[in-house]
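Line order of the protein sequences matches chains A and B.
Letter 104 of the first sequence, counting from 1, is numbered 104 in my numbering, and no numbers are missing.
If you want my numbering, it's the position in the second sequence, counting the first as 1, plus 1000.
Hints were generated in silico from the structure; no laboratory data involved.
Among the hints, erroneous ones may be present.
Capping the alpha-carbon separation at 35 Å, the derived lysine-lysine pairs in DSBU-like fashion look like this [unchecked claim]:
1) Lys1067/B <-> Lys1234/B
2) Lys37/A <-> Lys170/A
3) Lys170/A <-> Lys1175/B
4) Lys1234/B <-> Lys1201/B
5) Lys1145/B <-> Lys1096/B
6) Lys1234/B <-> Lys96/A
7) Lys96/A <-> Lys1357/B
8) Lys1234/B <-> Lys170/A
9) Lys1052/B <-> Lys1175/B
10) Lys1067/B <-> Lys96/A
11) Lys1234/B <-> Lys1167/B
12) Lys1422/B <-> Lys96/A
13) Lys1273/B <-> Lys1305/B
14) Lys1067/B <-> Lys1052/B
15) Lys1422/B <-> Lys190/A
16) Lys268/A <-> Lys1422/B
17) Lys1417/B <-> Lys1201/B
18) Lys170/A <-> Lys1305/B
19) Lys1167/B <-> Lys170/A
20) Lys190/A <-> Lys1201/B
21) Lys1145/B <-> Lys190/A
22) Lys268/A <-> Lys1417/B
23) Lys1217/B <-> Lys1175/B
24) Lys1222/B <-> Lys1052/B
25) Lys1067/B <-> Lys268/A
26) Lys1234/B <-> Lys1222/B
27) Lys1234/B <-> Lys190/A
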Amino acid sequence: MSPKPSKTASEQLQAIAAWPLQMFFRLLDIPLRGIQKMGGIGSMPYVFLLPNLAFFGMFVIIPLFINFGFSLTGGTNLFLQDRVYVGGEQYSFLFKCENYMVSATCQEDRFWKGIFNTAIFVLFQVTFLVIFSLITAIILNRKIRARGFFRAVFFFPVLLSPVVVALIWKWILLRDGILNAFLVSLGLDKILFFVSPEWAMFWAVFVSIWAHMGFYTLILLAGLQAIPPDLYEAAEMDGTSKERVFWRITLPLLWPNMLVVIVLALIKGVQIFDEVYVLTGGGPGTATQFIVQYIYNTGFTNQVQNFGLASASSVVLGVVLFVLTMLQLAATRRRNNG
Amino acid sequence: MTNRMKTLLGTSVLSLALLTGNAMAEADLRMTWYNDGNESEAMQALLDKFEKQNPDISVTLDVVPYKAILESLPVQLAAGDGPDIARVTDLGGLSKYYLDMTPYLENADYWRENFGPFLKWLDPDGDQISGFMTQLTVTGPYVNKTLFEQAGVAMPGEGATWDDWAKAVNEVAAKLDIPIPMAWDRSGHRVSGPAIAMGAKMFDDDGNPALVDDGLKSMATKLYDWHQDGTMAKELWGSVSGSTYLGANEDFANAQVVMYMSGSWQIPQFADKIGDAFDWWAVPAPCGTAACTGMPGGAALVAMKDSDHPEEVAKLMDFLAQEENLAEFYGKNLFIPGHLGLATGGVDFATDDPRAKHALETFANAVPGISPTAFDLQGYANNRVMFNALISRLGEAIVGELTLDQAFDRMTQDVEKQLAEKERGN
């Protein structure tokens, strides 16, 4: 019988390091066994969900109710108990319009301008974000040279703070920025990007796509890598064209990931604020003032901080997001059910 | 109990008593401050001096961006979580949070004698003593005199109108290919002085705010036209939204602007940044049809009533407000004094720069000519509601989102809505 091999120094160190963790879980085991004895095995999922639910309730659900409470009040007092109950007045003020399609005819024109601007932003941003992310993911999924490097390059902007992203692009786009210097070197005139509403919206969309594309590319790349290669091999043996392979194999199998990307991009798009706020300040005029900036301005930047109106606006935004998410979920279910 | 145990117990009790006693005697005060230049250095020097004389009081100077003073500080104060002392520019708007230091001051008469007119700005409806002006400011334009000389264009003299200046700066810009003939800070406060010069009354006969009248329309129309004809660059007023403040100080310092409408607080920054690179010259407020006036204003250091140490706060404020300390502060920072004794006696400004000295003289001389309406507007607690409505709607008109008439209607509506909201529940 051979002697039992002695532990190496590294294994001993690992055992020492793991000891506190083992002790912690052994101690945790005692109350958990007690709970299981009392409530049965069926109660355990709820026990494990409880800490997360408590956290979620504390920081999401309760503030949601407080926010709704604020939306039914007026005045400038900060604490809910000091505020005046006004019922649905803030909502009726927001929705008082002669023609909903023309923001200038609305009592609170900036709210509607914010809604329209956000809708335009989301339409372009989500569409191009998904298209560019898909193209990039497909390219990065191929066996190209320095693939790891390019994957890192596309993901890098995701790691940057939105404020840093906006400041970098602001320096590039200013009157005396790098881009204008380049245009002048080509003999062209400078373009005042932040004075033209169209250019400002274009750059808001562009910068947002640049900053977030890496994240969505990564999700799609994971989806592409999960597609079994033998499907492509079979298609190749059958002589299927590349376009047909894309439409008949890649896209259908990638669809669950695409749906995640679309839902996430849509929600993030509606919530857009920080990057654009630093980049354009919402201007020129109100051309890039989105709904979240309207809420922020109403609640915080005015001398009279109208928390009631800001809360009512954010409730409306919440409802819109909820409806969008439900529509997406319904679409997913319908697809999954065949 | 053994002797050893007794010694241990005795030492512990003594240490605890000493620790508790020390903690009770010591007051930690927090002062929230923002910088136009680097005046926090002069303030820190005074605080160090105070702490040496009062070892039981420590003061932490929190330097924050100006935006935090406008946006975060009011929320902090409303939540009862504000600093003990803060430097503010919304003088009357935050007055409900100010501490009345009168009972704690050794000589309240000194404060009334030297800060009298400005105490009213801090407490429009009462007579409490809450703080003092860290600087008195006057709005007015600066010009790049060197550019005028290079272009061979004569600078309009005293009594010149805004139209005279617009014509002259356009001539200079055209001759020297300067991108921005005229720039104004994007601020309702900056527009108000010239609007009053054009006859704007700002209040009705009952003293209620009445922003839009013929005087204001006249000045706003000029600004609108200057943006359309290129006298003013749209990238400053047109490139942001709402009431966002934007200054053209960088562009002026880089000689990209011929005339820059701002105020006396830019003097230290220009003395530092521009130096003698070109002659930057403060000129008297151009005239309108009713007056030749700028707006008074400034920043005040105020004590907050939610402080746990009102006595110590008053002691510190009293120390800072003493003539010799303020003379040092104003002198180092090239600020127009907000202390009547120093305003009369003069301050020894720490500069040899003839441009800075001329600018200080120009703005100080402008004070007697400031319109009473401008003083009333500055003293009005809700003046920022009017300033913000003015600048945000005019900005929207300039970029073509609203017509001027629509902008005027919206200004009136914005002011009414916000004041009505403020009245609710108060």
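Going down the list of hints, with the structure as the test:
no.: 1; hint: Lys1067/B <-> Lys1234/B; in the structure: holds, 23 Å
no.: 2; hint: Lys37/A <-> Lys170/A; in the structure: violated, 61 Å
no.: 3; hint: Lys170/A <-> Lys1175/B; in the structure: holds, 30 Å
no.: 4; hint: Lys1234/B <-> Lys1201/B; in the structure: holds, 28 Å
no.: 5; hint: Lys1145/B <-> Lys1096/B; in the structure: violated, 45 Å
no.: 6; hint: Lys1234/B <-> Lys96/A; in the structure: holds, 32 Å
no.: 7; hint: Lys96/A <-> Lys1357/B; in the structure: violated, 55 Å
no.: 8; hint: Lys1234/B <-> Lys170/A; in the structure: holds, 17 Å
no.: 9; hint: Lys1052/B <-> Lys1175/B; in the structure: violated, 58 Å
no.: 10; hint: Lys1067/B <-> Lys96/A; in the structure: holds, 32 Å
no.: 11; hint: Lys1234/B <-> Lys1167/B; in the structure: holds, 18 Å
no.: 12; hint: Lys1422/B <-> Lys96/A; in the structure: holds, 21 Å
no.: 13; hint: Lys1273/B <-> Lys1305/B; in the structure: violated, 38 Å
no.: 14; hint: Lys1067/B <-> Lys1052/B; in the structure: holds, 32 Å
no.: 15; hint: Lys1422/B <-> Lys190/A; in the structure: violated, 45 Å
no.: 16; hint: Lys268/A <-> Lys1422/B; in the structure: holds, 33 Å
no.: 17; hint: Lys1417/B <-> Lys1201/B; in the structure: holds, 20 Å
no.: 18; hint: Lys170/A <-> Lys1305/B; in the structure: violated, 41 Å
no.: 19; hint: Lys1167/B <-> Lys170/A; in the structure: holds, 33 Å
no.: 20; hint: Lys190/A <-> Lys1201/B; in the structure: violated, 41 Å
no.: 21; hint: Lys1145/B <-> Lys190/A; in the structure: holds, 27 Å
no.: 22; hint: Lys268/A <-> Lys1417/B; in the structure: holds, 32 Å
no.: 23; hint: Lys1217/B <-> Lys1175/B; in the structure: holds, 31 Å
no.: 24; hint: Lys1222/B <-> Lys1052/B; in the structure: violated, 55 Å
no.: 25; hint: Lys1067/B <-> Lys268/A; in the structure: holds, 26 Å
no.: 26; hint: Lys1234/B <-> Lys1222/B; in the structure: holds, 14 Å
no.: 27; hint: Lys1234/B <-> Lys190/A; in the structure: holds, 14 Å
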